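Chains as they are written, first to last, in the working numbering: chain A, 1 to 250; chain B, 251 to 396; chain C, 397 to 774; chain D, 775 to 1308; chain E, 1309 to 1735.
Quick caveat, the hints were computed from the structure, so don't treat them as lab data.
Computed from a prediction, not measured in an experiment: that's the story for all the values here.
Be careful, since some hints might not be right.
[Said to hold, decoys possible] Derived DSSO-like pairs: lysine-lysine, alpha-carbon spacing no greater than 27 Å straight-line:
1. B:K252 to E:K1515
2. A:K27 to D:K1254
3. C:K668 to D:K1018
4. B:K330 to E:K1515
5. B:K360 to E:K1515
6. B:K302 to E:K1710
7. B:K302 to E:K1515
8. A:K197 to A:K130
9. C:K416 to D:K1302
10. D:K1254 to D:K1018
11. D:K963 to C:K662
12. D:K1254 to E:K1730
13. B:K330 to E:K1359
14. B:K360 to E:K1375
15. D:K1302 to A:K15
16. E:K1359 to B:K367
17. C:K584 to C:K668
18. E:K1423 to E:K1359
19. A:K130 to D:K965
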Amino acid sequence: MTKKIVIDAKGIYYKELNQQIRKFIQKGYTDFELLNVSGQRYIATGLEGDYNFLIKGVAGQDTAAFMRGPYLRIEGNAQDGLGNTMDAGKIVVTGMAGDVLGYAMRGGEIYVRGDVGYRVGIHMKAYQDKLPVIVIGGKAGDFLGEYMAGGILIVLGMFSQDKIAPITGRSLATGIHGGIIYIRDGVPDTQLSFNLKVEEIDEQDSVLIHKYVSNFASELGLDAEEIMDARFIRIRPKSHRPYGNLYVPN
Amino acid sequence: MKRVFINPEFCIGCRLCELACLTEHSQSKDLILAYRDEVASGLLPRNRVEEKGYITASLTCRHCEDPYCVRACISGALQKDPETGRVTYDEDQCVGCWSCLMACPFGSIKRHPIKEKIVKCDLCPDRSVPACVSSCPNQALTFEEK
Amino acid sequence: MLGSRVFSIREYKEKVFGQKDYMREKDISGCGLFGVINKEKKLISGSVPVTAIAVQHDRGNGLGGGFAAYGIYPELSDKYALHLMCDDKDALSCAEELIKKYFDVHLSEPIPTRSTVNIINAPVLWRIFVTIKENRSTWSNLDDYDYVVAVVMLVNKQIPGAYIFSSGKNMGAFKGVGFPEEIGEFFKLDEYKAYIWTAHNRFPTNTPGWWGGAHPFCLLDWSIVHNGEISSYGINKRYLAEHNYECTLMTDTEVVAYLLDLFIRKHGLSKKMTCKIFAPPFWDEIDRMEEEEKQAYTALRMVYGSGMLNGPFAILFANHEGLVGLNDRIKLRPLIVAEKDHDVFMASEDCSIRSVCPDPDKLWAPKAGEPVIIELKP
Amino acid sequence: MLDCGLVKSKCRKKFLKSKYIYTGVRALLYQSIVQNYHDFVVERNLDLCINCRVCERQCSYLVHYWDENRQRVMHDSSKCVGCHRCEALCPTGAIVIKRNPSQFRENSHWKPWFLKNVYKQAEQGGVLLSGMGNPQPYPIYWDHLLLDASQVTNPSIDPLREPMELRTYLGSKPDALEFVERDNKVNLKTKLSPQIKLNYPIMFSAMSYGSINFNLHIAMAKAATELGIVYNTGEGGLHPDLYKYGPNTIIQVASGRFGVHKDYLNAGCGIEIKIGQGAKPGIGGHLPGEKVDAGVSLTRMIPIGSDALSPAPHHDIYSIEDLRQLIYALKEATEYRVPVSVKIAAVHNAAAIASGIVRAGADIVAIDGFRGGTGAAPTMIRDNVGIPAELALAAIDQRLRDEGVRNKASIVIAGGIRCSADVVKAIALGADAVYIGSAVLVAVGCTMCQRCYTGKCPWGIATNVPALARRQNPEIAKRKLVNLVRSWGHEIEEMLGGMGLNSIESLRGNREKLRAVGLSEIELDILKIKPAGR
Amino acid sequence: MKYVIIGNGVSSIGAIEGIRKIDKQSEILVISEEGFLTYGRPLISYFLAGKVGDERLALRSSDFYSKNNVQTMLGSKVIEILPEEKKIVVKDKQEVSYDKLLIATGGTPFCPPIKGLEGDGIYFFTTLNHAKQLDAVCPKLKKVVVIGGGLIGLKAAESLFDRGVKVSIVELAPRVLSSAFDEVAGKIVANRLTSVGLSIFCGTTVKEIQRDDAGKVKGVFLENGTYLEVDAVIVAIGVVPNIELAQKAGLEINRGILVDKFLTTSKDDIFAAGDVAEAWDKLINDNRVIPIWPNAYAQGYAAGQNMAGAKREYEGGLPMNSIGFYGLPTISIGLVNPPEGKGFQIEMMVDEEREVYRKLVFKGDYLVGCVLVGDIDMAGRYAGYIRFQIPVKDLNLKNNLKQNKATYLDWPEEVFQQFWNKDARIR
């Protein structure tokens, strides 16, 4: 049974807004429509449970940080730190997202239609049945997937505002020691950091990509088959111990 | 009654308990003499450190409530002291039939390497806490009532 | 003989301001206290405190004695009465000039004294009755009290040979180097009448002494006399520094005065809660309190820990509302209180009270950390 | 792993023909010549040695071994790290570990330390790695500070007789309180922020489960609970078995975000954001995959055997306002129930940083000095980066007071607190409480051999190898920690009493109680204390 | 409450200790035909061999009865039990009443019908009296035949041989020690004995005892035709339960007196223990007579506690025998000669050079029996696996057992906790 509330967030400070949301949750509300969101921080941060958020406007810093469970649809853009250390749940952004998207994310899914900023998917990590997934419809900034330890990052490069920029920035996947990055149409060698294995995808990968691209497409009203109709490459770490031999005992 | 208990989780396999037992039951009461001289004439520790991979455990007589060894003893050398609860051993009585060794499912009885007699834990009657327990550096051995 | 070891005001200030704040040395002293209040505001002759403190002669060593009196200037009760001590006339004129910049002066005159055998090398003692200028040139944002404090601090810091030692309305401090009975005689206190008197006999261990170093210490209409050493001085001083009080007198008593000003005037706490900051209940006592009180006292200790007066002390502090006596929380210094009709006496020694009130209705020793708060009838 | 023999069947077969028994290839013959410049020598007194092999069983670096041919225990000093485990356990006192007396020609510039390091790096080509805190002979300011005591003018207080209060609350305090007094009752009107209550101004420093083992974590948790203080999880998550000690746990959030989730954030009595560590300011941490066993994996929520890399910075903090963002993200996630601490390494402009941290909303600022320990740090960083905790503390406390925000946050100091006098000095300088880390490890046996990063700690501390980790019986470790803190508590009470104080808050920031010996005027000015004699 | 115990063997001692564990006060009366205080019956071979003297025979110290407040009637034969009246009748018609009665009358030597058996020169070897008789005549004996190649037969033979008597052993079965040990162990023991100088005749029996005119034994004819010149015949075949009293009293009887798991006979207040009782056997999960020393004590002990009202189940008998010949220790525990085709698995290890033999009998995941010769130090561990039915599923564990390397750390954690330390963790 869902109980829905519409909150006009215009002019409400984030502390108050989030307090309101928590109060409504205590009263049994599960569905929230937040209007005129303008950079309010921490929406759904640390929230656990089966809740739905429709956020209209610009979602502020650290939206959905430490989140476990809720579904967020952001109709607009999201600022930095979306899905920071997120545990479970699903986030859909119809616009673009800022830097450090999905930092240390352990589970859940994030779908961004447009471009994302720098250091996206840093330190993503999978554990047991938890598998974090980020699908980026546009292009990504530098250091994508830095220190990645698990999970899946898919970059499509299709819905970007920037026609000239490469699909990902420099030092792609520095220090990666787990997880997989899929890139549609490949990536220039100069973008790659050390310790990477760049390969063509196989059948298994294809199934996996298709699964998440289909989610992406259905969430955002796009054609999955058209997205799939291209060459994908797979990037994985060469070693799980990238810095294993760096040291001398003293 | 108080008994010696082992928690293998914290037994570090150092075998100091064996050395302590050896010393306590030596004539010299001196570890170095006991280990170097008396072992040659048959002195041996009453306890034994069992090993399984890195897991170790110092085991010795449990001083059972209903001791199998006492049942099996044909000579009366082994008896259950109703006062102290200890399973006592009278070496003079022992005829070396090894019935107790066979009967004890805890392997707590050893054969003396020279005499046709057995050797077993006496809970160090001269000490308030048995030597093995006192010597355990990690308190894997405890002397308590449980 | 003693006189040769007494610092002039200028010498003293050089000693204080010539070095970094953390290098300033604190005076250490023991002493005797006396206070009396008439709840009905009936006036008491100055000979009463002088007689009473004289009994405690052996609690001092002749290096400091002083009195504070409330209700002594009824005709000028709306004026701030500034008591000054100056090394010489030049210093006095400098001070007066500076005062005139900030205040309208209504009366400026010497504080009457009589020559006394043992009081020698007395500074120039002067009193100026002032009101705040209508149009302030600076500090227009300060309230009246802060304004007065600011000017007093300014004079004390900037004029090397002058020192304002009392600045309240209808009250004043009289103090100097000597035994208190001699100081009383010197200042002709027998000619004053007040409804609150406090008196102090000082036993400094180390200082060459100076006239400003004697007690009471006054700020606005607060006056404090104090016995004992505050071991928490170091942190009390730093805590006050955070709130813009600069300690220049190098005595514990100054710290108490500023803390009173901070807690009562600025934070709006009651005298009782202020006393509880000075001498808080022990944690085990707090733990046994009912929930709400427990929360209150826990917060008090958490927030005002730096304001706690730790170490042995008995203090008497007064203002125009009344007189408060307080002991440290393990009662390391003595304090006796007595009542007779509407008079309440507080002193370090029983005999001191009985010298002026031989037959009190009630006489008791207050418990450690329990303030005795005597309010005047409004 | 405790087996000494390098058993290779081929070699063994050859040996079968000889009169000797194959015991593995030994000695320095096949080692790099650099190994001969080893730091320690094992001295075995053959009059005392009974060949009981306790030393062999205790040494995780395979120094001692049983020689079948000689029928006695032998040793290879080149492997010795100077941990003294064998010496401690030898039942006849036959073993002494000594500094290798072999000497290079005197050169006060090219000390053997530098020579040996160059040899090693030339040979192996890597970053020198060390454990524990900075061992270099920089000044130790604690040792230049002396405490006051009362004589005559104010009395010392006898802590055995009189009440003596060490209770401390950590967290942000308002500048003033409002009370409502009615009928002789007092009610608090001001709403306070959350606080951490400590019975002693001492906490167990952040040491992650992984860097040290579970036995010590449970020991710290139990000891903290028994003592009424707190321990810090470090960046390693919180094992499910330890959630019940939450009221005495500060959980740490660091750059790797290991094991960080909603339950974790809400498990403790406080959250600490670790920005830096005194032993390695500006450097991240690498927990090698070998140390990630089932328990660590479960706790950090990473697969068994995978490296746990903590990046140098938090990737969501590149500026002070980002720190504020994370502080408030954590406060939102915990609904403002617990105070948030920010831990930084003591570096040059620590005072300004601390001020910024307080303004960013932190309730506690923890400063870790350059003597602070670590499981592993690049040697050059450990030995050359950062500043002494004492100076940082003095500067920070003063700065926060100057700026009128000292009440807004508590100050916790860490990094080389060795004894209760250090604690008293730290508090007199202005700390609310101290973290002890190395002292905790020393209490349970650590001999500061500085080889934590090998994972072979023979004392069972910095290791997850089951055979070694069991050397820490948590009950014993707990008792030792409880004893340590209690005894320090008694000593602190004695010192407080001597100063004429009966409550720790009157010591906090009371620099009148300190005097310095042998410090320059500048140092005195930073510490804002008088020289002894003044 | 009055407890009466008939017999003063080891069951009787067990019963006294069992009763006194529960009931420190009530009267206990022991009635025995034998005139001695309880002695270690297996010691009779040591006695005969001269290894132990009278002074070391006693199983308990001389003050055992007084310390335990026990009355004794030694040298008295009970002739009747009157269950209805809760009384027993002693030989001189004296009647003794009881509240709880234990029949621990043991067994009598089994003697097959042999021609010429009647008369002097025939000896048994079950009680101290038997040993003392033999001891007395021993110096006069030159050659004897021992009928029975079981445990007591061999021990008797060994003891006599040690006293300088030439001994021949005659055993009906194809090998010695046929019931308690297996073929290999029997062979090793037989080798050891023959190498020392004893003669062994298996698969045959004594047909006739030849006597001279004075009736003195001259020799024996064996079934296989052999004639052995001997001065005396020792019959040491075994014992059969002494069930006459019980039979007369109307107790249920099979081979021995049938008892339940509480050692109670078919009459509520009458218990039976030791060689006379047919009690539950853990291995075969049925009742049977196992006339061995530890069982006798254990049954007595359990019976004693139950007589005192403890309701303690007897944990079940487990056959086990330890015996040594000329320094060769030999042990058998449990089922050592399993029937073929019943799913038993046998692991054997023989080291002839060192005279070490080990045989383990498994059924499914459990060890059910073992024979150890020479290297017996781990015997108790095997006994533990058999007694506590500790599963041996792991191949490594099985190998350890085979290689004599069993450790208690192989026990499942919960079993270790049950027996060693409830707080132990094996990890």
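So, going through the hints one by one against the coordinates:
no., hint, result
1, B:K252 to E:K1515, "violated (61 Å)"
2, A:K27 to D:K1254, "violated (49 Å)"
3, C:K668 to D:K1018, "violated (41 Å)"
4, B:K330 to E:K1515, "violated (48 Å)"
5, B:K360 to E:K1515, "violated (45 Å)"
6, B:K302 to E:K1710, "holds (16 Å)"
7, B:K302 to E:K1515, "violated (57 Å)"
8, A:K197 to A:K130, "holds (24 Å)"
9, C:K416 to D:K1302, "holds (9 Å)"
10, D:K1254 to D:K1018, "holds (21 Å)"
11, D:K963 to C:K662, "holds (17 Å)"
12, D:K1254 to E:K1730, "holds (25 Å)"
13, B:K330 to E:K1359, "holds (25 Å)"
14, B:K360 to E:K1375, "violated (31 Å)"
15, D:K1302 to A:K15, "violated (40 Å)"
16, E:K1359 to B:K367, "holds (13 Å)"
17, C:K584 to C:K668, "violated (35 Å)"
18, E:K1423 to E:K1359, "violated (34 Å)"
19, A:K130 to D:K965, "violated (40 Å)"
Figure legend: structure checked against the earlier numbered hints; hints not met, in rising order: 1, 2, 3, 4, 5, 7, 14, 15, 17, 18, 19.
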